[in-house]
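**Student:** Below, each chain spelled out in residue letters.
There are 2 protein chains.
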Amino acid sequence: MQLSYDEIKLFVEKPFAFIERMGLLALELKPGFVKLGAPLKGNENHIGSMYAGALFTLAEMPAGALYLTTFDVSRYYPIVKEMNILFRRPARTDITAELSMPAAQALDIQREVDQQGKADFTLEIELQDTAGTVVAEGCGVYQLRPMEELS
Amino acid sequence: MQLSYDEIKLFVEKPFAFIERMGLLALELKPGFVKLGAPLKGNENHIGSMYAGALFTLAEMPAGALYLTTFDVSRYYPIVKEMNILFRRPARTDITAELSMPAAQALDIQREVDQQGKADFTLEIELQDTAGTVVAEGCGVYQLRPMEELS
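The listed protein sequences correspond, in order, to chains A and B.
If you use the working numbering, the first sequence corresponds to residues 1 to 151, in order.
If you use the working numbering, the second sequence corresponds to residues 1 to 151, in order.
Take these hints with a grain of salt, some might be off.
Residues from chain B that keep clear of chain A, each with C-beta distances beyond 12 angstroms, as calculated [unchecked claim]:
1) 6
2) 33
3) 37
4) 42
5) 43
6) 137
7) 140
DSS-like, lysine-lysine: derived pairs with alpha carbons at most 30 angstroms apart [to be verified]:
8) 9/B <-> 9/A
9) 81/A <-> 30/A
10) 30/A <-> 9/B
11) 14/A <-> 41/B
Keep in mind that the hints were calculated from the coordinates and are not lab data.
We put the CB at the ideal spot given by N, CA and C, even for glycine.
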């Protein structure tokens with residue numbers, strides 16, 4: 001089963017109130033590649049750069065967007081197990097984050113779920129400002145699970 | 001210089017829009033000890049438990065609250081350098097997080113800033129649901145810096 005572009009965009013930008021309040025943007029969504037953005041406006045900390053919690057969210061959500069564009073959403077769902085985030089420089093502009101995964105890797109992960117009942121995988125992500133400077137680096141551990149567990 | 005309880009409470013609960021939107025609560029604020037809370041309502045993910053970004057924020061903000069109650073805010077300020085967060089169980093209720101630091105440790109950190117120009121320190125934190133179950137564990141690396149850098 002594949003979702004439409006409009007369905008995926010809605011699930012990424014307005015899946016629930018926390019994300020919608022932050023103004024998260026799905027800038028590019030295609031199989032194997034996603035690019036998300038977060039506006040500085042409304043997400044500033046007390047010194048005017050983007051708050052760490054907003055950066056964390058922008059580092060975490062692309063995995064969900066990549067799942068929606070790249071995995072079989074009728075058969076599997078992901079959870080986040082762990083995230084490490086390194087704050088390298090103040091984020092003084094709107095920020096973007098890209099994530100990609102070769103189709104073969106997604107198939108391997110899904111095959112592992114079929115065989116083992118679950119599959120852990122790691123995603124590394126960089127957050128960049130509008131000048132291309134890396135402001136934060138994330139490393140997330142996710143687990144893909146079979147959808148039948150939920151039913 | 002010490003801030004009043006009401007000033008600290010305001011800085012913790014409404015320091016900027018991102019935190020205020022989440023409804024973060026300062027439940028206890030005293031020198032060497034803080035307890036913060038986050039309501040499930042308004043911070044749910046698509047399956048009704050608390051979203052990872054809200055849990056991250058609840059894991060990160062107590063360090064700022066502890067700074068306000070425990071450090072000399074007229075001479076030093078903290079930044080967050082890195083945070084690792086482990087999501088152990090779904091957070092299905094309001095969630096709380098406590099952080100403590102002996103006065104002697106805070107004095108040691110401030111002394112190191114005076115001598116070295118900055119001081120890194122690590123804070124470990126557990127997030128608990130209303131039954132006392134640990135739903136997430138955070139480990140943050142913070143840096144204390146001299147206030148004169150900002151002026």
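**Student:** All hints are to be evaluated individually against the structure, with a verdict given for each.
**Tutor:** Against the structure, the hints:
1. The beta carbon of residue 6/B sits about 17 angstroms from the closest Cβ of chain A, which is more than 12 angstroms, so the claim that it is off the interface holds.
2. For residue 33/B, the non-interface assignment is confirmed: its Cβ lies about 22 angstroms from the closest Cβ of chain A, beyond the 12 angstroms cut-off.
3. Every CB of chain A is more than 12 angstroms from the CB of residue 37/B (nearest about 15 angstroms), matching its label as outside the interface.
4. For residue 42/B, the non-interface assignment is contradicted: its Cβ lies about 6 angstroms from the closest Cβ of chain A, within the 12 angstroms cut-off.
5. At the 12 angstroms boundary, the C-beta of residue 43/B falls inside the reach of chain A, the nearest C-beta of that chain being 5 angstroms off.
6. For residue 137/B, the non-interface assignment is contradicted: its Cβ lies about 9 angstroms from the closest Cβ of chain A, within the 12 angstroms cut-off.
7. Listed as outside the interface, residue 140/B is inconsistent with that label: its C-beta sits roughly 9 angstroms from the nearest C-beta of chain A, within the 12 angstroms cut-off.
8. For the hint linking residue 9/B to residue 9/A, the alpha-carbon distance of about 38 angstroms lies beyond 30 angstroms, and the restraint is violated.
9. Note on residue 81/A and residue 30/A: the hinted pairing holds, with a Cα-Cα distance of about 24 angstroms set against a maximum of 30 angstroms.
10. Restraint check: the Cα-Cα separation between residue 30/A and residue 9/B comes to about 45 angstroms, which exceeds 30 angstroms; the hinted pair is violated.
11. Proposed proximity of residue 14/A and residue 41/B is supported: the alpha carbons are some 16 angstroms apart, at most 30 angstroms.
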